Amino acid sequence: MTSTNPRAGWEKIGTEFYRKISLYTSIFDPDLDLSEYVVSGAPFSGALALYRDTTKITRYRSNVANKSSIDVYSCAGKLISRINWEKGTIKGLGWSEDERLLVVSEDGTFHVYSGLHGDFAPFSLGHGAEEYGVHSVRFWSHGFVALLKNNALVAVSSFDEPRPRALAAVPEGEVHAWSLIPPAYTMSRSVEVLLAMQQTIFVVDVSETEDRGLTDGPFKHVSVSPNGRFAALYTEDGRVWVVGSDFQNKYSEYDSKAKTTPKHIYWCGNDSVVLAWEDEIHMVGPNGAAAKYYYDDIVHVLPDIDGIRLLTSETCEFLQKVPDESEEVFKLGATSPSPVLYDSIELLEKKSPKADENIQRIKSSLPEAVETCIRAAGQEFGHALQKQLLRAASFGKSVIELYSSDEFVDMCETLRVLNAVRDHTIGLPLTLTQYNQLRPDRLIARLIYRREYLLAIKLAEFLRLPLNKIYVHWASQKVKAASGDDESIRDVVVERLKGKSGISFEAIARAAYDEGRGNLATSLLNHEPRAGKQVPLLLAMEEDEVAVDKAVESGDPDLIMFVLLHLKQKMPIATFFRLVTSRAQAAQLIEQSAHSQDKELLKDMYYQDDRPVDGSDLLLEEAMDQPQIQAVVDKLKLASRLLTDAKDPNAVMHTKSLAEATVLLKMQESFDKDITDNSGSYVGLSVNETMFQLIRSGYSKRADRVRSEFKVPEKTWWWVRLRALVAARLWGDVEEIGKNRKSPIGWEPFYNEVLSAGNTRLASSFVPKCTTLKPAERVEMWVKCGMVSKAGEEALKAKDMNTLEQLRDKASGPQLTEVERMITQLRPRR
Amino acid sequence: MAPNIDREAEHIKEKARKDLLALLENVRGKKNLVFSRDLPGIIGLFVGFSTLKEYGVEKVFVLENGNTDSSQRNIIYVVNGEDPATVQAVAGQVKQLQKNGNVEHEVTIAWVPRRTLVSNKILEDEGVLGDVNIQELQILFLPLENDLLSLELSNSFQDLYLHGDKSPIYLASRALMQIQQRHGLFPRILGKGHNARQLANLLVRARKELDADEANTPYTTMPSTSIESLVVIDRDVDFATPLLTQLTYEGLIEELNGIKHNKAEIDSSLLGAAGQSRPSGAGLATAPSTQPSRPTLKQAVQLDSTDPLYHQLRSVNFALIGPLLNKVARRLQTDFEGRHKAQEINELRDFVNKLPTYKEEHKSLALHTNLADDMTKHTRSEPFNRSLEVQQNIAAGTDPIYQHDTMDELLSRDVPLPTILRLLCLESTISGGLRTKDLDTFKRAILHAHGHQHLLTLSRLEKMQLLQPRTSASALLLPVGGGSTITSTSTTGTKTNYGYLRKELSMIIEEYNEQDPDDISYVYSGYAPLSVRIVQCILQKSYLQHLHKSPLPLTPSSTGWSGFEDILKSAKGPTFNVVQKPTDEKASKAKNALVGSGGWKYVFVMFLGGITFAEVAALRFVGRKLEEGGQRRKIVICTTGMVSGRSIMEGVIEKKGLGSGIKVDSGAQV
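Line order of the protein sequences matches chains A and B.
Using full-length UniProt numbering, you'd call the opening residue of the first sequence number 1 and step up by one each time.
Using full-length UniProt numbering, you'd call the opening residue of the second sequence number 1 and step up by one each time.
So here's chain A without its partners, still in its complex pose (with noise of 0.2 Å):
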């Protein structure tokens, strides 16, 4: 990285300038035999999968453990973990964007490798992945899709929570290749799957199967650009098409007149294209110019996002276009600003007089030059072209008037940043590119992965961005690793994350009881301060009391029904209950719950809590459900047995009730079997309805009988009489009763009642049995029946000579005569 040159590494192909860096040497083992490894490396420069490749035949090594194994390499060879592969033939080596590893293997399972080191979590396939046998695999940044052996295709777009999708069904016959447009660049925004087949392509996503109708196959390679944009084909006889992935356009044909089939086709970035043989490697710029380069041994290419990274025993280097700013600032005999400017800094070192000349001449375009010297140094990978940009675009700047400085800083910020991690000790070799499509917060997660700690809490507080993170892996990886006691590794991770905020104690008790050391566990949870983060773990370690008591303590009821459905499950019905009846919110969680969907567990929690009442309720709601009047009685039975020897104060009114409810059942039943006009059925009716219904239909005497039965209050029973008579028009019977010398009701309800069934005759005749009532009300309700001249009389009697007068108003005919009698009679006589 020290070369100064800065065309060093430039090759031109069509129009365009592409560069390879060199970004490490001698990166591995010279033991290591690449040729025997399947590589797979992590997009934004991340970290290298290698795996040996059980298609080829190795050489046989006694030294070496035959033990298979995934080894995660950074891209500076540094061995950064070591996983062990026990699971049969690896289909598909891949990662996702977060540095997840993913590894398909053939029987359909896959597992996802969190974190570089062996957190792993297995998925099946499902969809006949285990029948048939997975094929191949290929990644995008979020997901896969697997081609098995009989051609279905299953795609999974989540890592968090896979859930595999079968793709629309695809012909039978020979893949030759296949490729895929991740969901982000699809009209559809669900992935779809080019395959290269017969003839011609076939485009699959979740809904159909579209034959592209292309005549020129079969391809044997098909390979998607990273902006989903284009495609690139390789036809049988060696030539290499790119055309739109809507197979609308051709943009470019080569022809690489090779006899043998290269083993990948890989894009870099998205003007070019690469083919890749074992030692050899062909360029493919626009318009099908290419570049040739070779080596001595193989060489494995990996694709990123802008660029590819080549990978030998011995190097890695990197693949790109020549960015604009660089080839602005750096192609031979150019005249734009920017390169004037930054040959004036090596005037200016040489003390020459030209370099002032050199910045009046562009002065103009200054502002420009500047930034293109900025953002030319972000570009660059070695020290000292970045220093010599910065250097030019500072001397420019300090021209120009009111410069604002923000973007020079923002830049001097971003290449510390970079070249910390471009370290060979760290071994991730961002651009600038990859490092603003990445995010700092990532990179830092990066960091965290590899367990460089100390860097990564620089860079975050140098980029100002939370650090609670990095404290919580460090500490987890503390309580793994550690092997003090458990009161001196606790001690010493509470100590060092006092006062920070954001710290997850319960995701370090977990690691703590991952490795076994539940102790350290509880002591560490203890530290957590929110309790519902608490709960999952303290029921993993089977602190179920904690558990439930912490979930109590959140308030959030899913929290506490997640535990007690836990619990429920696992421990005996007795121990639950105890657990359960002294913590109230729980209690009545469960009680809730199982009224809707256990009632049995329900009674037995009334039962063994002591609550007679609440158990008896329930079984007169079961008694409601009954079919037959004999199951309801027994339920009632039942109900009335749990209340004997109860203490509740209600026990005696509610067994009173229950013992009621039954005879009243009873006397429904037998009414129902003798009488059968169709007065309807009593059973169900209230103690009131049965004596209305009975009454209504000229059963008296029964309803009598149900009065006397139930003690039915004297008052009830006469209002209930009398809305029972009125309603069945029983005048005779209504009169009868109005015979009587006194009501308990008193009489205005007869009056009313009657009244409003529309018998003004027999209403008025209560009227004068309502003796309570003051004068003018009674001389309203006979004027309601229509009887004016009574009301009259009523008037007079009371000496009242204004109602008289009005009254002279509603009458007419013989009461017209009658009223103006009483107002003579009552006039004074003068």
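Calculated directly from the structure, the hints in this document are not laboratory data.
This one's a predicted model, so the numbers in the text were calculated from it and none came from an experiment.
Every residue, glycine too, gets a C-beta built ideally from N, C-alpha and C.
Just to be clear, a hint being listed does not mean it is correct.
[Unchecked claim] Output of the computed footprint for chain B on chain A, the stretches with three or more beta carbons under 8 Å from beta carbons of chain B: (1) 550–563; (2) 580–588; (3) 612–620; (4) 651–657.
[Claimed, not checked] Straight-line Cα separation of at most 30 Å, DSS-like style, residue types lysine-lysine; simulated pairs: (5) Lys220(A) x Lys250(A); (6) Lys742(A) x Lys437(B); (7) Lys463(B) x Lys599(A); (8) Lys463(B) x Lys637(A).
Following the hints, put chain B in place on chain A, whose structure we already have.
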């Protein structure tokens, strides 16, 4: 700048709408939609059925009906996941779909308002977790009006006081956290009642957890500059108010017809010509109606401030509705007659342009006139007036024994059970229980009149402490203000002593100006709801002092509860005042200085367990008074749901009878 708090309601509505539509959009192609029973009405508050159609929804089903058809490949469940039974039902249906479908279904489940651990566990146990897409649709508060945010939980009252299920409190805390995350911390949380205290605790805890999560926004570290305080009232501090019959227009519609999610089901005969063209709000009801077909057709009518006339009428005491409608009718008439005066073409054009407005107004006028007329039939009926009289007497503090005869009579006359239960519960609540002998007599009478199944109803009311025997012990427990020696601010009353509070907070206003009321008591024709009086203790100290004869310990600068602490000891539950301090004192001061103190300040009033329309009217009245008094304060009402004596009783009364299960072969019943 913090988001504009004036438009919080709009924001919430818009967000809910966007989230739902995004969910639909993410599932490509046509789809069937399945809602849990509580949701269609709620969804209807922010998106119309026609919009759903535009987003590819073919048919809508209700989960509980179990009739989801498999005509579409894509099926989206939008389901409330808080209740395990509902989750179980979803799991069952998904399994069914998988079994019998010849098509492979693409199932998406959107849990409202969040994905729960329990739902994960149930789906996992049922073996469908891996086969479905899971999302969440975070719908918590929804605006019923711009100043009224509701969780629209239909059972929050029963959940809290009957089942002891604290979910409504938790959901309320989540909803309020969202407000805090957007506008900053409530500088003060004031409250009354046990559940209120719990809500405040949850809020304080949630803030700590946000800190720990580093998920805090700038707003959760600093008190808001636009919000003054949050006032939390636990419904059980004042059970009496919802038991009384609401006497505002809106309140009375709720009592007689029921209003759900701003819609009332009204006899279509009342709508007359007016209703035919009015878009039926219940657009989501394509699923077969759950009600059995009735002889009279009901139609859903939208009742909110989009109808200017309703906006004008809703808070008015029902007694004044007739004259008001009359006035509006006359104005409309003169306006319309105005067309004869139009001479010039441009005058005529103006008139024609206004025609649609006239039409709308006319329709609305017809609707409300018919509705009010229909309601008058009820309000003139004798039982209604008798029960109202009993209510008012009990509320005014006359010895309830004198009301027993009337109550007995109402029972014998077979008035609806809710009416009589409300009276009994009201008596029990206000006078600290019924004498055991009276209580037993009434219970017996109720069982006789309405059936023994109501043993369950009575048990429930007792569990809710709505109906209780008066023991000598509980009479002693009735706290009386002042005398208590406990100094902490969280003095706990075990029961609300209405007798004492009625006097101290002037809850009965005998004489008031009907036409232009000057006190909130107009909403119950003379009774000022205790719950709102408690809010006034914070917001209108000097007004209450004015009503109170003797001086209270008040200074002009009194804030929080001060001046009323002693009095409020006589109401149930703790009285508290939590000040939320900024994480960074200096930054907060700087920000305060920057914003200045001239702007409007908002007071959020949260009712846990539900609020009545009459109380809403009263709070709006208080808000208007504050504004008239030159105080730059506005009230935003929050609640777990709307509540009324009708809805409480509906939720409590046992619906089955002892003969429910029995198959009868003889003909129809009475």
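Hint by hint, here is what the structure shows:
1. Interface restraint, the stretch 550–563 of chain A with chain B: holds (8 residues with C-beta to C-beta distance below 8 Å; minimum three).
2. For the stretch 580–588 of chain A, the proposed coverage by chain B is satisfied: 3 residues have a C-beta within less than 8 Å of a C-beta in that chain, meeting the threshold of three.
3. Look at the stretch 612–620 of chain A against chain B: 4 of its residues bring a Cβ nearer than 8 Å to a Cβ of that chain, three or more, so the hint holds.
4. A count of 3 residues in the stretch 651–657 of chain A with a Cβ less than 8 Å from any Cβ of chain B is obtained; the coverage claim is therefore met, three being the minimum.
5. Pair hint Lys220(A) plus Lys250(A) holds up; C-alpha atoms about 17 Å apart against a cutoff of 30 Å.
6. Under the criterion of a C-alpha separation no larger than 30 Å, the hint pairing Lys742(A) with Lys437(B) is consistent with the structure, at around 27 Å.
7. Between the alpha carbons of Lys463(B) and Lys599(A) the distance comes to roughly 19 Å, so the proposed pair stays at or under 30 Å and holds.
8. Among the hinted pairs, Lys463(B) with Lys637(A) is consistent with the structure: their alpha-carbon atoms are about 24 Å apart, no more than 30 Å.
Of the numbered hints listed earlier, not one is contradicted by the structure.
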